[in-house]
Structure formats: structure tokens, C-alpha cells
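Chains as they are written, first to last, in our numbering: chain A, 1 to 350; chain B, 1 to 275.
A few of these clues could be false.
Computed beta-carbon distance windows for the label pairs [unchecked claim]: (1) B/D72 / A/G121: 55 to 65 Å; (2) B/Q200 / A/T202: 39 to 49 Å; (3) A/D5 / B/D72: 54 to 64 Å; (4) A/L29 / B/V194: 45 to 55 Å; (5) A/E302 / B/M203: 18 to 28 Å; (6) A/Q127 / B/H98: 53 to 63 Å.
Here chain A is said to cover these stretches of chain B; the calculated rule only asks that three of the stretch's residues, wherever they fall, bring their Cβ under 8 Å from a Cβ of chain A [stated by the list, open to error]: (7) 11-23; (8) 69-79; (9) 105-117; (10) 223-232.
The set of hints was computed from the structure by calculation and includes no laboratory data.
All figures in this text were calculated on a predicted structure; none of them were measured in a lab.
For glycine and all other residues, C-beta sits at the position ideal for the given N, C-alpha and C.
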Amino acid sequence: MYTKDGENYFIVDAHIALWDARPENIKNLQGQQFIDCFYDYHANLSPESEVWPKEEYLYQGGERLMKDLFTDGYVDHAIFQPAQLGEFYNNGFGQTEEAFALTQANSDKLTYNHNFDPRNGEAGLDQLRADAERFGLKGVKLYTAEWHGDSRGWKLDDPMAYKYFELCRELGITNIHIHKGPTIRPLDRDAFDVADVDHVATDFTDLNFIIEHVGLPRLEDFCWIATQEPNVHGGLAVAMPFIHTRPRYFAQIMGELMYWIGEDRIQFSSDYALWTPRWLIEQFVDFQIPDDMTEYAPLTTEAKKKVLGLNAAKMYDIEVPAELRLPDADEPETGPRQPDAADLGQMASV
Amino acid sequence: MTLTVTRHTYADAVREALGAVFDPELDEPITDLGFVRTVEVGKDGDVEVHLRLPTSFCSPNFAYLMASDSKDVLTALPWTRSVVVRLDDHHDSEIINHGLATDAGYKGTFRHEAEDSLDELRRTFQVKAHTAAMERCLTGLLRSSPDLAETALADVVLDDLPDGLEKDSLLRRRSTLGLGNHDAAPVMVDEHGVGYEPDQVPMALRRARSTRISIDGNAHFCRGLLRTRYPGSGDDQTRRVDGEEPADAAYAPGHDGTFIPLSTLATHSNKEHSR
Chain A
1 MYTKDGENYF
11 IVDAHIALWD
21 ARPENIKNLQ
31 GQQFIDCFYD
41 YHANLSPESE
51 VWPKEEYLYQ
61 GGERLMKDLF
71 TDGYVDHAIF
81 QPAQLGEFYN
91 NGFGQTEEAF
101 ALTQANSDKL
111 TYNHNFDPRN
121 GEAGLDQLRA
131 DAERFGLKGV
141 KLYTAEWHGD
151 SRGWKLDDPM
161 AYKYFELCRE
171 LGITNIHIHK
181 GPTIRPLDRD
191 AFDVADVDHV
201 ATDFTDLNFI
211 IEHVGLPRLE
221 DFCWIATQEP
231 NVHGGLAVAM
241 PFIHTRPRYF
251 AQIMGELMYW
261 IGEDRIQFSS
271 DYALWTPRWL
281 IEQFVDFQIP
291 DDMTEYAPLT
301 TEAKKKVLGL
311 NAAKMYDIEV
321 PAELRLPDAD
331 EPETGPRQPD
341 AADLGQMASV
Chain B
1 MTLTVTRHTY
11 ADAVREALGA
21 VFDPELDEPI
31 TDLGFVRTVE
41 VGKDGDVEVH
51 LRLPTSFCSP
61 NFAYLMASDS
71 KDVLTALPWT
81 RSVVVRLDDH
91 HDSEIINHGL
101 ATDAGYKGTF
111 RHEAEDSLDE
121 LRRTFQVKAH
131 TAAMERCLTG
141 LLRSSPDLAE
151 TALADVVLDD
161 LPDGLEKDSL
171 LRRRSTLGLG
181 NHDAAPVMVD
191 EHGVGYEPDQ
201 VPMALRRARS
211 TRISIDGNAH
221 FCRGLLRTRY
231 PGSGDDQTRR
241 VDGEEPADAA
251 YAPGHDGTFI
261 PLSTLATHSN
271 KEHSR
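Same shape as in the complex, but just chain A (with noise of 0.2 Å):
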């Protein structure tokens, strides 16, 4: 719980890891560059004095994860979204029995979501279904860049992929986290390219799809997209950052959310360990768009309550104080939910 000026924001962290990537659990370069870039990324986008030293980056643990989230960073349950990048790492990159530890441990705290991979075939199906089981699945994470022998990418609509999302729906795991590229495969064609959530999300309309980064460096398609398709929402993980170094930018990135899906389909993230929660969400609770942006209509107190955590709740079944939760906005499911706050001359002036 986060609390400002008399007022109390119920937090969820939707998107978290616990990874390892100490030199012994590196497989080859390629280990060791994701870690680099991952560092890069922290380095570049955090204030100076949230910056942590290399070695501190590689592994948190359990313990270190909980005072960073609970104890100082004001969150209220957080959800597990593991990478396994098992072409990269030995033991792979999110430590799926630590973690899943953890959350029997706290499972007032912590969720622990789970991938798959279609490129496994029927033997991953029966997988899917031991781990539904063993982890009590409500969501999972998708990685369509993954490795994987002589394939480096999938598509969400590969006709094994759907196979998948049919014995989703059958063991009641409804939200699907999807991590977008780079996709190396089909090369021809942008590794970031969405069109595939479209035709998911059209013939699972009992899924929720969730796609992580909002789709960025494609923000553009996502929104087009999740504009079209009630159940697309967007994650924030990598986009919250930019709230400090860019402001504007984040600023436009949210105006664009609130404007093509509204408040109620927009997830906190920290992304942890890229980042940490406390000073995104004192930052993100402070935020406003510039007033020289006259083309988006301010954040109200409301929809940053709905973003920093009453969503992600309520697709998660997490139980949330009766005083903190807050009714769906009056918005369309389709198209823009803020078509009066378009400005830019005549619009703004009817």
C-alpha cells in the first residue's frame, strides 16, 4: 500500500522475476549478453541513485526480493512472469523452484505464473497440464523470441501454439503475459510485429491477453490492435522507467493507453529485478501529463489507482480492501475511449 496526500493506492506488481545469471549458471555468449543488455537497460533508465552495482544485478534471491518489493517498495502481491531461456542458461534464467517456494511461503504475496512452449510439441501439453496442476495456474508467460534448437521465435497463431491455448482454457489458466521479440523467426519480416495477438485474441475471446512492454518498440501496432480486442490489455513493464529520464515520452505512452484502451486494461509493472517498485510508483503517483500536451486529457487520481494495481487485481482474483476498489470506467470496449479528449484545434473547442 502506497499512500499520498490522503490517499491510498493498492499496488500489484504484475510483472516480476527471480532470476540467476551468475557466471556458473551462464551457458555461452549469448547468457552473457541478455544479462548485459538487461543491465544496460537498468543503468540507462534509473535515477543515479537507484543504480546497482553488476554483481548485485546477476542474482537477488528470495530474500533480497521481498524487502526490495514488500518491505520498501509499497507493493501489495506481485506476479511472477518467468523467462526460461533454457538455450542460454543451465539451470535457466527464471528459477522456477525458488520462486514457486517463495510464493507457497507468501501466497498472501506472490503468484507464480509459469511458460510454455509449443515448439515441445505433445510432450509439452502434458507438461502444461502436470504444471497447471503443481503450481495452481491462473496465467502464464509467453516468450515468442525464445531459443530453441534450430528455432529462435514462434508465433501465437502456429497451429501448435493454439493447441496450447485450447488446454489453457480447459485448465482455467485465462491470463496470457505475452513478451513480444525480438522474434528472429520469420527474419523476413519485423521481429516485433503483433498481428499474431490479433488472431489470438479474436478466437480466444475467454482468454485475457496481456502483452508486456505495451507493445513497444511498437506502441503504435499495440494500440491498434488492443483498441480492437476487448480482452488485449497492455503491461507497463519497460515502459514505467522512461518516467524518469523521459517524461515526455512516458507521458505520451500513457495518453496513447488511456486513449486507444482506457484506464481499466492498463498493468503496473517494476519488472523487477530490471527495476525496482518504490521510486517508480512515488514517481508514477506524482506524474502528470505536461500541460503543453494538449492532446491527452490529464491522469486522474482514479486511473492511476486502477493502473498501479485495481486492474491487475481483478484479473487476479486479489482480494482488495472494500474502501480501495473503484467501478469500471463508463467506456466503450472498442476503439478510442477518449475520442472528446482528441484536441489539436476544432475538436477541443466543440
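Starting from the known structure of chain A, fit chain B onto it as the hints suggest.
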């Protein structure tokens, strides 16, 4: 006109030639982005160029395009002999560098992962670049003309746009797509030159705006990541005004520290009404 003889070094000539190579995604020359790491010219015209990118995981198709375009423009210089272009520190450096060294082409380089060609990919981003340039011009026009209705943008023609960098940039992108640049050509068009009905304009402009925001945001983020990854590389980057923020003043060479967002041209009366 006096004939001016400029004393170029060969290395300068190489960098100048590389200025014609664009990052397709960010719509900027690789030389402005700081992607050219080193240039070496041996006697007899042997050239070796090393490229660097903001992360090891930048899309390999774009990486390949920039590297192979680089090799092409350098090979085309009349005085170069052997041309070696190497991409450093990328997860596919080995594959791409081998493909370049053996002139294997796109399909020969990526084998089963390449289907046909990267022409469609290139085109996708040329279309986005045009969309963004068009939005910049039209939003600028709206902001400087408070009485202009958004729907009236459907009738705006090239001649209505004020001269300047933004119009030049739009004209270049139109030419790339094969759109005519005569004065009476409508501005608000799709990639095929097809215009919009007035009532379609507000939504189409909003979409175009999200494209512009995406490109500007990525261009600055990628620049920042390159500076983080390769300390000192900021010295090789030129200022990008589109999407600039106050924090960029610390990096842009020649930046005088002032920051004037385009949108301050907006009339404040509009804002009162919209809130």
C-alpha cells in the same frame, strides 16, 4: 562560383558514404546514431569498418541490412579495393560477418531462417517514416493555425505547408514511396497516395501520431543505450530534435541547453476547453 577543393581524408570519405546508410527502424543515418565504431583505410584502398549497435539483441534483420548496405556503398566508391564490414558484439555477429565476408546475400547468410528477402521489411518502415513525417507537418500546421479544423486537414496540399526541415523531410519520404511532390498533392495520404474523407481524418491522425511517438521514443532510447554500452560513443552522435527532452541537452553535441517543445506553439485556449 569558385571551385573549392576540400581536403578529405579517405576515412572522411568513408564516413560520408556511410551517411547514406539508414537505420530503417529509426529512420536516421547510422553515422548520426553513432553506429560506426571504427574506420580504417589501408594503402591501395583497402577499407575495414566496424559497426556497433545499442544492444546485442537488436533485431538481426535490421543489423544485417545496415551492415550489408554499408558494404554496398563502400564497394561502390571508385577508389576502394577490398571492403570489410564487421558487426561487433551482436548475438549474430558470427553469422552476419561470415555472410558479409563471403557475399552470401540475405538468404545465404541466414539460410533456413530467411524466406525470401528483406524488401517488405524495408518497405514497412519506409511507410512508418512517411506516416511520422506527415503527422509532424500536419500537427505543426494545426498548432500554428488555431482556426483550422482537424477534419479540414483532408484538403491540405503540399503548397500549404511552410518551408522548412519538416517539409523537406516529408518530401524525401514521399519520394521514397514513389508519391508525387507537386504543390497541389494532398498531404494526408496513406502509403499509396490515397487521401481520407474529412470524418476519417481525426482517427487517422491519432494513429499517425502514435507511429511518430514510437519512432521518436525508440530513436532516443537506442541512442541512450548505445551511450551506456559504449562510453564515449555519444561524441559520435548528432542531435535529434524530434522527440527531444530536457535530459538530452547533456548529450547532444552543439546543444545550447535550451529546450523548446514543438507543442508550446499550441494555443492555450484549446487546452482550457479540453480539460
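Whether the CB-CB distance between B/Q200 and A/T202 falls inside 39 to 49 Å: Cβ of B/Q200 to Cβ of A/T202: about 23 Å, so the range 39 to 49 Å is violated.
Holds or violated: 55 to 65 Å for the Cβ distance of B/D72 and A/G121? violated (42 Å)
Do the beta carbons of A/L29 and B/V194 sit within 45 to 55 Å of each other? holds (48 Å)
Cβ distance range 18 to 28 Å for A/E302 and B/M203, holds or violated: holds (26 Å)
Within 8 Å of chain A (C-beta), three or more residues of the region 69-79 of chain B: violated (count 0)
Please verify the coverage claim for the region 105-117 of chain B: does it have three or more residues whose C-beta sits within 8 Å of some C-beta in chain A? holds (count 7)
Checking C-beta pairs, does the region 11-23 of chain B have three or more residues closer than 8 Å to chain A? Coverage by chain A is violated for the region 11-23 of chain B (0 residues, Cβ < 8 Å).
Has the hinted range 54 to 64 Å been met by the Cβ atoms of A/D5 and B/D72? holds (59 Å)
Whether chain A covers the region 223-232 of chain B (at least 3 residues having a Cβ closer than 8 Å to its Cβ atoms): holds (count 5)
Do the beta carbons of A/Q127 and B/H98 sit within 53 to 63 Å of each other? violated (36 Å)
Comparing the model with each earlier hint shows violations of hints 1, 2, 6, 7 and 8; every other hint is respected.
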